[in-house]
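**Q** Chains as they are written, first to last, in our numbering: chain B, 1 to 135; chain G, 136 to 249.
The set of hints was computed from the structure by calculation and includes no laboratory data. Some hints could be false.
[What the hints assert, rightly or not] List time: in silico SDA-like cross-link candidates among lysine to any residue, alpha-carbon distance up to 25 Å:
1) G/LYS227 x B/LYS31
2) B/LYS31 x G/ALA139
3) G/LYS225 x B/ILE70
4) G/LYS225 x G/PHE170
5) G/LYS227 x B/PRO6
6) B/LYS126 x G/LEU219
7) B/LYS126 x G/LEU245
8) G/LYS225 x B/LEU68
9) B/LYS31 x G/THR137
10) G/LYS225 x G/ASP163
11) B/LYS126 x B/ASP39
12) B/LYS31 x G/PHE170
13) B/LYS126 x G/LEU228
14) B/LYS126 x B/LYS31
15) G/LYS225 x B/ARG76
16) G/LYS225 x B/LYS31
17) G/LYS227 x G/PHE190
18) G/LYS225 x G/CYS191
19) B/LYS31 x G/SER211
20) G/LYS225 x B/PHE9
21) B/LYS126 x G/ILE234
22) B/LYS126 x G/ILE215
23) B/LYS31 x G/ILE234
24) G/LYS227 x B/LEU72
25) G/LYS225 x G/PHE200
26) B/LYS31 x G/ASP163
27) B/LYS126 x B/VAL94
28) G/LYS227 x B/VAL94
29) G/LYS227 x B/GLU130
30) G/LYS225 x B/ALA129
[Claimed, not checked] Output of the computed footprint for chain G on chain B, the stretches with three or more beta carbons under 8 Å from beta carbons of chain G:
31) 58-72
32) 79-91
33) 107-113
The beta-carbon is built from N, C-alpha and C at its ideal position, and this holds for glycine as well.
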Amino acid sequence: MTNHRPSGFANPWFQFVLNVIGVVVYELLLKAGAAATADPAKSWSWFGINALASPLTWLAIAVIIVDLVIWLYILRYIPLSIAFPLSRTVDVLVPVSCWLVLRETISPLRWCGIALVIVGLVIVAKPAAELEERL
Amino acid sequence: MTTAAIIFILLWLVTFVAGQLLFKRAMDLSSAIGFRSRRTLAVLAAGILVMTISFCLNLGLLQRFDLSYLYPFQGSSIIIITLLAAIILKEKLTPRLMIGTLLITAGVVLVSMS
């Protein structure tokens with residue numbers, strides 16, 4: 001940790017929020033692109049190449065590239081063992097946004113899983129906050 | 136689940152985990168010896184290559200399975216990455232971080248089971 005933390009737009013935690021939003025967007029785009037081109041009968045489709053026929057997949061790739069640059073920036077300042085578990089905020093955001101936006105139903109068991117992830121995130125957020133104080 | 140599915144899911148997991156570790160190593164190197172150093176760029180390039188392979192495998196899997204089916208495997212990557220970051224990259228692993236990471240992993244698996 002030789003770098004001192006930049007503030008404002010360059011703040012790694014602000015970039016972290018952008019990164020998480022990016023992941024939610026590209027996960028949904030990827031699934032849509034892959035579903036639109038699915039042809040499991042072809043054995044080489046295990047490598048996913050035919051999904052490139054969908055413009056949604058290319059849009060997802062563009063978001064992924066931007067997201068990767070942001071992620072690399074975050075990794076300059078935050079240990080992987082903290083940044084990666086925290087990045088799984090998406091595992092809460094994806095189902096909850098499906099529930100809110102797409103009116104999909106969420107089973108009680110799934111709500112329990114979401115609650116567990118949130119508790120875990122809060123616990124991991126403490127070492128992250130301590131890290132912040134040291135910076 | 137067929138043998139092919141198991142093999143491709145494992146390949147996807149291994150490449151994904153390796154990619155993350157390479158990215159972090161590259162950024163540590165970039166802090167230590169500079170971003171434009173040849174070693175930093177080599178590790179970063181290796182990370183991007185491995186991640187690209189992982190990405191294609193993920194697309195192939197998404198065409199065959201629901202995202203919710205694939206999620207537990209993605210969930211297991213959390214605990215693997217945290218452990219390997221401690222072992223390989225010598226990051227500090229506190230019991231608190233370990234418990235939080237385990238809960239997130241368990242939650243992700245539970246979300247996909249229901």
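**Q** Next, verify each hint and record whether it holds.
**A** The hints, checked one at a time:
{"no.": "1", "hint": "G/LYS227 x B/LYS31", "in the structure": "violated (36 Å)"}
{"no.": "2", "hint": "B/LYS31 x G/ALA139", "in the structure": "holds (21 Å)"}
{"no.": "3", "hint": "G/LYS225 x B/ILE70", "in the structure": "holds (23 Å)"}
{"no.": "4", "hint": "G/LYS225 x G/PHE170", "in the structure": "holds (21 Å)"}
{"no.": "5", "hint": "G/LYS227 x B/PRO6", "in the structure": "holds (23 Å)"}
{"no.": "6", "hint": "B/LYS126 x G/LEU219", "in the structure": "holds (21 Å)"}
{"no.": "7", "hint": "B/LYS126 x G/LEU245", "in the structure": "holds (24 Å)"}
{"no.": "8", "hint": "G/LYS225 x B/LEU68", "in the structure": "holds (23 Å)"}
{"no.": "9", "hint": "B/LYS31 x G/THR137", "in the structure": "holds (22 Å)"}
{"no.": "10", "hint": "G/LYS225 x G/ASP163", "in the structure": "holds (11 Å)"}
{"no.": "11", "hint": "B/LYS126 x B/ASP39", "in the structure": "violated (45 Å)"}
{"no.": "12", "hint": "B/LYS31 x G/PHE170", "in the structure": "violated (34 Å)"}
{"no.": "13", "hint": "B/LYS126 x G/LEU228", "in the structure": "holds (13 Å)"}
{"no.": "14", "hint": "B/LYS126 x B/LYS31", "in the structure": "violated (33 Å)"}
{"no.": "15", "hint": "G/LYS225 x B/ARG76", "in the structure": "holds (15 Å)"}
{"no.": "16", "hint": "G/LYS225 x B/LYS31", "in the structure": "violated (35 Å)"}
{"no.": "17", "hint": "G/LYS227 x G/PHE190", "in the structure": "violated (29 Å)"}
{"no.": "18", "hint": "G/LYS225 x G/CYS191", "in the structure": "violated (30 Å)"}
{"no.": "19", "hint": "B/LYS31 x G/SER211", "in the structure": "holds (20 Å)"}
{"no.": "20", "hint": "G/LYS225 x B/PHE9", "in the structure": "violated (29 Å)"}
{"no.": "21", "hint": "B/LYS126 x G/ILE234", "in the structure": "holds (12 Å)"}
{"no.": "22", "hint": "B/LYS126 x G/ILE215", "in the structure": "holds (20 Å)"}
{"no.": "23", "hint": "B/LYS31 x G/ILE234", "in the structure": "violated (31 Å)"}
{"no.": "24", "hint": "G/LYS227 x B/LEU72", "in the structure": "holds (20 Å)"}
{"no.": "25", "hint": "G/LYS225 x G/PHE200", "in the structure": "violated (36 Å)"}
{"no.": "26", "hint": "B/LYS31 x G/ASP163", "in the structure": "violated (33 Å)"}
{"no.": "27", "hint": "B/LYS126 x B/VAL94", "in the structure": "holds (23 Å)"}
{"no.": "28", "hint": "G/LYS227 x B/VAL94", "in the structure": "violated (30 Å)"}
{"no.": "29", "hint": "G/LYS227 x B/GLU130", "in the structure": "holds (13 Å)"}
{"no.": "30", "hint": "G/LYS225 x B/ALA129", "in the structure": "holds (20 Å)"}
{"no.": "31", "hint": "58-72", "in the structure": "holds (count 4)"}
{"no.": "32", "hint": "79-91", "in the structure": "holds (count 8)"}
{"no.": "33", "hint": "107-113", "in the structure": "holds (count 6)"}
When the structure is compared with the earlier hints, violations turn up for hints 1, 11, 12, 14, 16, 17, 18, 20, 23, 25, 26 and 28 and for no others.
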